[in-house]
Amino acid sequence: NAGVMQNPRHLVRRRGQEARLRCSPMKGHSHVYWYRQLPEEGLKFMVYLQKENIIDESGMPKERFSAEFPKEGPSILRIQQVVRGDSAAYFCASSGPLGATRDGYTFGSGTRLTVV
Amino acid sequence: DAKTTQPNSMESNEEEPVHLPCNHSTISGTDYIHWYRQLPSQGPEYVIHGLTSNVNNRMASLAIAEDRKSSTLILHRATLRDAAVYYCIPYRGSTLGRLYFGRGTQLTVWP
Numbered sequence: 001n002a003g004v005m006q007n008p009r010h011l012v013r014r015r016g017q018e019a020r021l022r023c024s025p026m027k028g029h030s031h032v033y034w035y036r037q038l039p040e041e042g043l044k045f046m047v048y049l050q051k052e053n054i055i056d057e058s059g060m061p062k063e064r065f066s067a068e069f070p071k072e073g074p075s076i077l078r079i080q081q082v083v084r085g086d087s088a089a090y091f092c093a094s095s096g097p098l099g100a101t102r103d104g105y106t107f108g109s110g111t112r113l114t115v116v
Numbered sequence: 117d118a119k120t121t122q123p124n125s126m127e128s129n130e131e132e133p134v135h136l137p138c139n140h141s142t143i144s145g146t147d148y149i150h151w152y153r154q155l156p157s158q159g160p161e162y163v164i165h166g167l168t169s170n171v172n173n174r175m176a177s178l179a180i181a182e183d184r185k186s187s188t189l190i191l192h193r194a195t196l197r198d199a200a201v202y203y204c205i206p207y208r209g210s211t212l213g214r215l216y217f218g219r220g221t222q223l224t225v226w227p
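One line per chain: the protein sequences are A and B, in this order. Note that the first sequence covers residues 1 to 116 in my numbering. Note that the second sequence covers residues 117 to 227 in my numbering.
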């Protein structure tokens, strides 16, 4: 029973490039959440998606960041024109329809983005 | 959202019990209390949650105060693998998925 799969595990991008982070939820889960953890800081909610819908993007920066969760395939967090301040660990979590009410969220191991 | 207060750090010896406290005095009556932990270089891991009654699972026990203003996560026998940051998170189902992670408690386990 594979858990939440995130790839790549590590990603290095030069300033101005695009970063694409992928998240495959647990089997049977159709709710995906993205969080960001800046160095030496706590995790911050970014966006909540269901299949083909963005439910809550109130934690997303207004520019350069976007997320999608298509009908087929993984959820993608895209960061355009990356800057050094985007360097962080990005975590994806998934859940069933009851959210965290019953069993909590399952998190992936994260993608560590380094912008050079 | 309810504010939480946890000690920045705690220490324990291996195979001893650990009691990790959390104050959440502004918690609402319908908020569950969730605990997650984050091992080094890993994503957060769900530990346990409860509403009013004490809860047990294979990982830990959760003791919730009668007035629900505080709770304690209990690791019955700490192992080296339990060294992690532990987060106490009030969770309201209506928040559509958001978990608010504070700074948590860094638990160090000594062999």
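In short, the hints are calculated from the structure, not lab data. Note that the structure is predicted; figures quoted are calculated from it, not measured. Where is the CB? At the ideal position from N, CA and C, for every residue including glycine. Check before you lean on any hint, since a few could be wrong.
Stated by the list, open to error - The following residues of chain B were derived to be distant from chain A, with all beta-carbon distances above 10 Å:
1. 150
2. 154
3. 161
4. 165
5. 168
6. 218
Stated by the list, open to error - Derived SDA-like pairs: lysine to any residue, alpha-carbon spacing no greater than 25 Å straight-line:
7. A:44 to B:133
8. A:51 to B:162
9. A:44 to B:199
10. A:44 to B:194
11. A:44 to A:54
12. A:44 to B:170
13. B:119 to A:57
14. A:27 to B:168
15. A:62 to B:218
16. B:119 to A:11
17. A:44 to B:182
18. A:27 to B:182
19. A:62 to B:155
20. A:44 to B:167
21. B:119 to A:27
22. B:119 to A:52
23. B:119 to B:195
Here is how each hint holds up against the structure:
1. 150: Nearest chain A Cβ is 6 Å from residue 150 (chain B), so the label is violated.
2. 154: Not fine: 8 Å to the nearest Cβ puts residue 154 (chain B) too close to chain A.
3. 161: violated, 7 Å
4. 165: violated, 6 Å
5. 168: holds, 14 Å
6. 218: violated, 6 Å
7. A:44 to B:133: Outside the cut-off at roughly 31 Å; violated.
8. A:51 to B:162: With a Cα-Cα distance of about 23 Å, the restraint between residue 51 (chain A) and residue 162 (chain B) holds, given a limit of 25 Å.
9. A:44 to B:199: The given pair, whose Cα atoms are some 22 Å apart, holds under the 25 Å limit.
10. A:44 to B:194: violated, 28 Å
11. A:44 to A:54: holds, 17 Å
12. A:44 to B:170: Judged against 25 Å, a Cα distance of about 28 Å means the pair is violated.
13. B:119 to A:57: Distance of about 22 Å is within 25 Å: holds.
14. A:27 to B:168: Measuring from Cα to Cα gives roughly 31 Å; hence the hint is violated.
15. A:62 to B:218: Distance ~23 Å between residue 62 (chain A) and residue 218 (chain B) Cα, so the pair holds.
16. B:119 to A:11: violated, 34 Å
17. A:44 to B:182: violated, 30 Å
18. A:27 to B:182: Violated, because 38 Å separates the two Cα atoms, which is more than 25 Å.
19. A:62 to B:155: violated, 31 Å
20. A:44 to B:167: Cα-Cα ~24 Å, so holds.
21. B:119 to A:27: violated, 33 Å
22. B:119 to A:52: violated, 33 Å
23. B:119 to B:195: Between residue 119 (chain B) and residue 195 (chain B) the Cα gap is close to 29 Å, so the pair fails against 25 Å, i.e. violated.
Figure legend: structure checked against the earlier numbered hints; hints not met, in rising order: 1, 2, 3, 4, 6, 7, 10, 12, 14, 16, 17, 18, 19, 21, 22 and 23.
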